[in-house]
Structures are given as structure tokens and as C-alpha cells.
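Peer 1: Line order of the protein sequences matches chains A and B. Taking my numbering, I'd label the letters of the first sequence as residues 1 to 137. Taking my numbering, I'd label the letters of the second sequence as residues 1 to 147.
The hints are simulated quantities; they were obtained by calculation from the structure and are not laboratory data. Incorrect hints may have been included.
If you want the footprint, here are the derived chain B segments under chain A, 3+ residues with CB under 8 Å [what the hints assert, rightly or not]:
(1) 13–20
(2) 48–60
(3) 118–126
DSS-like cross-link-like pairs, simulated, lysine-lysine; straight-line CA separation at most 30 Å [as the list claims (entries may be wrong)]:
(4) A:K73 with B:K91
(5) A:K133 with A:K120
(6) B:K91 with B:K130
(7) A:K50 with B:K27
(8) B:K130 with B:K27
(9) B:K130 with A:K133
(10) B:K91 with B:K8
(11) A:K73 with B:K8
(12) A:K120 with B:K27
(13) A:K120 with B:K108
(14) A:K120 with B:K8
(15) B:K108 with A:K133
(16) B:K27 with A:K73
(17) B:K130 with A:K120
A virtual CB, placed ideally from N, CA and C, is assigned to each residue, including glycine.
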Amino acid sequence: MTIRNIDDVEFGAELPTFEPDTSLASVSQFADAVGWGAGARFKDHALARKEGLPGALVPGIMAMGFLTTMIHKWSPAAHVERIDTVFRAPLIADEPCVLTAVVTDVDTDTGVVELDVSVKNEALETRVFGTAKVRFR
Amino acid sequence: MLDVDELKARFLHLEFDSTNFVIDRDKALTVARMSGETRAELTDPSHPDFQASPAIIASLAAGRRLPIHFPELGGIPMDGGKAVTCLAAVKPGVPLNGRTHLHDIYAKSGRSGRMIFLVSRMEIRDAEGKHLATSDSHMVIRERPDA
């Protein structure tokens with residue numbers, strides 16, 4: 001169901017899940033674009049492991065980007081006014097992850113919806129979690 | 001062990017950095033596309049409301065991470081999270097200014113010692129001084145016992 005306005009939003013509803021592209025090629029381009037591409041951390045699994053990391057990482061702010069995209073896919077009328085993310089544990093490039101969100105508040109007077117959001121890895125371990133405040137226009 | 005209340009009294013809300021930025025159009029596009037974004041105002045530079053996504057706003061970094069006289073806490077600072085508040089469209093290609101202050105300081109103690117949490121807040125404005133966005137960075141530092 002397409003969410004066209006706040007009247008379509010139900011308290012407790014789950015957003016359609018989103019499985020983003022976490023490929024190393026994509027992560028590497030993202031890291032270069034935000035100026036974090038100089039080291040191996042986001043670009044090379046073997047070199048990242050030599051630095052003591054479990055592999056090349058997905059930047060936390062890329063997870064923020066995935067979450068914003070999920071909200072935009074859910075509703076073309078949604079404007080992300082605030083997104084707050086906690087980087088709980090590393091998200092590894094080339095490993096699948098799944099994004100989920102649930103509606104925790106709907107205020108039809110102000111047009112604002114609040115969501116709890118999370119990014120989990122293949123083992124369904126939470127890597128990133130947070131909240132989003134979404135305004136409907 | 002450092003006194004968190006004293007740190008708050010000395011450093012909370014104290015502006016410690018002012019940095020100018022221009023968000024590159026192509027980099028903004030790459031960040032949006034690699035995030036899987038398809039919304040036209042984030043992926044089409046010809047869209048009349050073309051703007052930067054929250055993720056690239058979160059990447060804007062102050063010239064300093066902490067105020068100049070902030071005490072050494074020991075340990076390796078970790079990126080604990082980011083938050084972005086969008087008040088108005090942040091346009092690529094236009095001059096921006098980010099002013100940064102410490103918005104919160106707090107501690108949590110556990111079996112492995114005390115962790116200090118520092119929240120630095122950057123307020124991003126355009127050349128006319130209009131407040132466009134706020135970016136919070138959460139830094140977590142495991143305190144060295146002798147700090």
C-alpha cells in the first residue's frame with residue numbers, strides 16, 4: 001500500500017523491509033564521496049583485517065542513508081525531518097543486511113510520524129538502530 | 001577520574017569551531033545513489049528542489065573534534081552515532097558555514113570502567129545566516145583509569 005498522506009499511516013505498522021546494496025564497490029564509492037576513502041577501512045577487506053577490523057566496514061552514515069531511502073520508498077510524501085542513529089556494532093561490506101522500521105507515533109495535528117529504525121546483519125544482530133521523525137506534506 | 005559536572009560547566013555550549021563548506025554536487029549524487037535513493041530531489045540535479053541527503057550532511061566535519069583545552073580522556077574515541085535534523089534544503093554548490101559546540105557530556109559506568117559520551121553539535125547555515133540543518137556527532141571514549 002502506498003502511503004500518500006498521514007491519514008494512511010497506522011500506529012504500530014511496519015514499513016516494508018529494505019535490503020540495500022552493501023557491496024564493497026558501492027561502499028568504496030560512498031567512502032570516496034564523503035572524503036573517507038583514503039584508508040583501507042571502507043575499501044579493502046584484507047587490509048582492513050590487518051588493521052584489526054572484521055573486514056571492510058560500511059560507514060555508519062551510509063546506514064543512515066539506507067534508512068532514509070527506506071522511508072522515502074515507503075512514502076513519496078514523507079520528508080525526513082530528523083534521523084538519529086546509534087552505531088552499535090560494525091556492519092561489514094559485502095554482507096547482506098536488512099532494514100526495518102515501525103511506526104511509534106502518529107500526530108495528525110502536526111503531520112509528524114515517529115519511527116523506530118534498525119539495521120540488522122544476516123544473523124539478525126542489530127548493527128545500527130535509532131529513530132526518525134518524519135513530516136508529511 | 002574526571003568530574004563530568006566540571007566538564008559540563010567549562011565546555012557545554014561553548015562554540016569551538018567554525019568551518020566553511022561547499023557540498024560538491026557530484027559527491028552529493030554519489031552518496032544518494034549509493035544509499036539506494038531514487039527520489040528526484042536527491043538524485044536529479046535539474047530538479048528545482050535538488051538538495052543534499054542527510055547522510056552527506058552528517059559527513060561534514062568540524063576542523064576540531066573537541067575544544068582546544070578539553071582534557072585528555074585516554075582511550076580510542078569511537079564514533080557512537082550521528083543524527084541530522086533538516087530544517088530547510090541544504091543545496092550542493094552553495095557556501096555553507098558550520099559552527100560547532102559541545103551539546104551534551106555524560107558518563108556511563110560498567111564492569112569494564114567508565115565511558116564518557118560527548119555530543120558535538122554543528123549548526124549549518126547558509127551565507128545569509130539561515131539555519132538549514134543540525135548535525136550531531138556522538139563520540140564515545142573509554143576512560144583511562146588514571147585520566
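Peer 1: Now look at each hint and say whether the structure bears it out.
Peer 2: Evaluation of the provided hints:
1. 13–20: violated (count 0)
2. 48–60: Answer holds; 6 residues pass the 8 Å Cβ test.
3. 118–126: violated (count 0)
4. A:K73 with B:K91: holds, 22 Å
5. A:K133 with A:K120: Between K133 of chain A and K120 of chain A the Cα gap is close to 20 Å, so the pair holds against 30 Å.
6. B:K91 with B:K130: holds, 13 Å
7. A:K50 with B:K27: Holds, at roughly 29 Å.
8. B:K130 with B:K27: At roughly 23 Å apart (the allowed maximum being 30 Å), K27 of chain B and K130 of chain B satisfy the hint.
9. B:K130 with A:K133: Holds, at about 21 Å.
10. B:K91 with B:K8: violated, 34 Å
11. A:K73 with B:K8: violated, 41 Å
12. A:K120 with B:K27: Given pair K120 of chain A, K27 of chain B holds - Cα atoms ~27 Å apart, limit 30 Å.
13. A:K120 with B:K108: holds, 25 Å
14. A:K120 with B:K8: violated, 35 Å
15. B:K108 with A:K133: Holds: K108 of chain B and K133 of chain A sit about 26 Å apart, inside 30 Å.
16. B:K27 with A:K73: holds, 22 Å
17. B:K130 with A:K120: violated, 37 Å
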